[in-house]
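Trainee: Sequence:
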Amino acid sequence: MSVETITIPAIIYPERDGVPVGETDDHRDQLFDLVFSLKNWLRDQTAYVGGNLMMYYEEGVPSSVISPDVFVIQGVQQQPRRTYKTWEYSGKFADVVIELTSAKTRYEDLGTKRVLYAQLGVREYYLFDPLGEYLKPRLRGYQLLDEELEPLPGPRMHSRILNLELQPDGRALRLIDLASGQRLPIPQELEAARQREAEGRAEAEAEVLRLRAELDRLKRLAD
Numbered sequence: 001m002s003v004e005t006i007t008i009p010a011i012i013y014p015e016r017d018g019v020p021v022g023e024t025d026d027h028r029d030q031l032f033d034l035v036f037s038l039k040n041w042l043r044d045q046t047a048y049v050g051g052n053l054m055m056y057y058e059e060g061v062p063s064s065v066i067s068p069d070v071f072v073i074q075g076v077q078q079q080p081r082r083t084y085k086t087w088e089y090s091g092k093f094a095d096v097v098i099e100l101t102s103a104k105t106r107y108e109d110l111g112t113k114r115v116l117y118a119q120l121g122v123r124e125y126y127l128f129d130p131l132g133e134y135l136k137p138r139l140r141g142y143q144l145l146d147e148e149l150e151p152l153p154g155p156r157m158h159s160r161i162l163n164l165e166l167q168p169d170g171r172a173l174r175l176i177d178l179a180s181g182q183r184l185p186i187p188q189e190l191e192a193a194r195q196r197e198a199e200g201r202a203e204a205e206a207e208v209l210r211l212r213a214e215l216d217r218l219k220r221l222a223d
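Quick note on numbering: the numbering used here labels position 115 of the sequence shown as 115, and the sequence is numbered without any gaps.
Calculated from the structure, these hints are not laboratory results.
Backbone N, C-alpha and C fix where the C-beta goes; we use that ideal spot for every residue, glycine too.
Some clues are possibly wrong.
Unchecked claim - Computed cross-link-like contacts, DSBU-like style, restricted to lysine-lysine with a CA-CA straight-line distance of at most 35 Å:
no. : residue 1 : residue 2
1   : Lys-92    : Lys-39
2   : Lys-85    : Lys-104
3   : Lys-104   : Lys-92
4   : Lys-39    : Lys-104
5   : Lys-39    : Lys-85
6   : Lys-104   : Lys-136
7   : Lys-92    : Lys-136
Stated by the list, open to error - FRET-style restraints, in silico, Cβ to Cβ:
no. : residue 1 : residue 2 : range
8   : Glu-147   : Tyr-89    : 30 to 38 Å
9   : Glu-189   : Leu-131   : 17 to 25 Å
10  : Ser-180   : Pro-153   : 36 to 44 Å
11  : Ala-103   : Ser-180   : 32 to 40 Å
From just these sequences and the hints, can you work out the full model?
Mentor: Have a look at this one:
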């Protein structure tokens, strides 16, 4: 009698959910700016900053997944990942989550996500409404207390985990260094600073050349 071998198919954890990155240009740009600033801010710490990544929180159940707009995980190394599976990191989920909310996603962001994030141990949860569609003011925050995410006073909020202040600025959410009071730079600002520095060097070099030429002219006159 032959024995039939049954092959159990491998469980697939998709890398994409088919949802575009950012509901609008403002949402997308804000996502990229926040991830950039946080990566730069935490570059000397063991922390993983990401955004719009499929995060699986139950092994063997691909439907147990969520994709936060922006997140920070302390104690996990920063490196490129295609997905994040909590069971590969001792069950560790995000410590901080920022959702760029809108009228379209308000009930999910305020309801099911808030409950799920509390269950997963998210310690700080922030909602920012770039277009001001329903949040007044545009920033709302929560902290984990007794296994529930409870509201924080606003409109400006301090993150104890990140040691930063979150501050709305029109359609942008800016991150402020509590020690210096300075904003964390976003890519456009760093590029502008590099451009100014390059222009300053060019002007200084041109001035040196001008002074050398003037000195040579004076020497020739003296001869």
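Trainee: None of the hints should be skipped; say for each whether it holds.
Mentor: Outcome of the hint check:
{"no.": "1", "hint": "Lys-92 - Lys-39", "in the structure": "holds (19 Å)"}
{"no.": "2", "hint": "Lys-85 - Lys-104", "in the structure": "holds (28 Å)"}
{"no.": "3", "hint": "Lys-104 - Lys-92", "in the structure": "holds (29 Å)"}
{"no.": "4", "hint": "Lys-39 - Lys-104", "in the structure": "holds (28 Å)"}
{"no.": "5", "hint": "Lys-39 - Lys-85", "in the structure": "holds (20 Å)"}
{"no.": "6", "hint": "Lys-104 - Lys-136", "in the structure": "holds (16 Å)"}
{"no.": "7", "hint": "Lys-92 - Lys-136", "in the structure": "holds (33 Å)"}
{"no.": "8", "hint": "Glu-147 - Tyr-89: 30 to 38 Å", "in the structure": "violated (21 Å)"}
{"no.": "9", "hint": "Glu-189 - Leu-131: 17 to 25 Å", "in the structure": "holds (22 Å)"}
{"no.": "10", "hint": "Ser-180 - Pro-153: 36 to 44 Å", "in the structure": "violated (23 Å)"}
{"no.": "11", "hint": "Ala-103 - Ser-180: 32 to 40 Å", "in the structure": "holds (36 Å)"}
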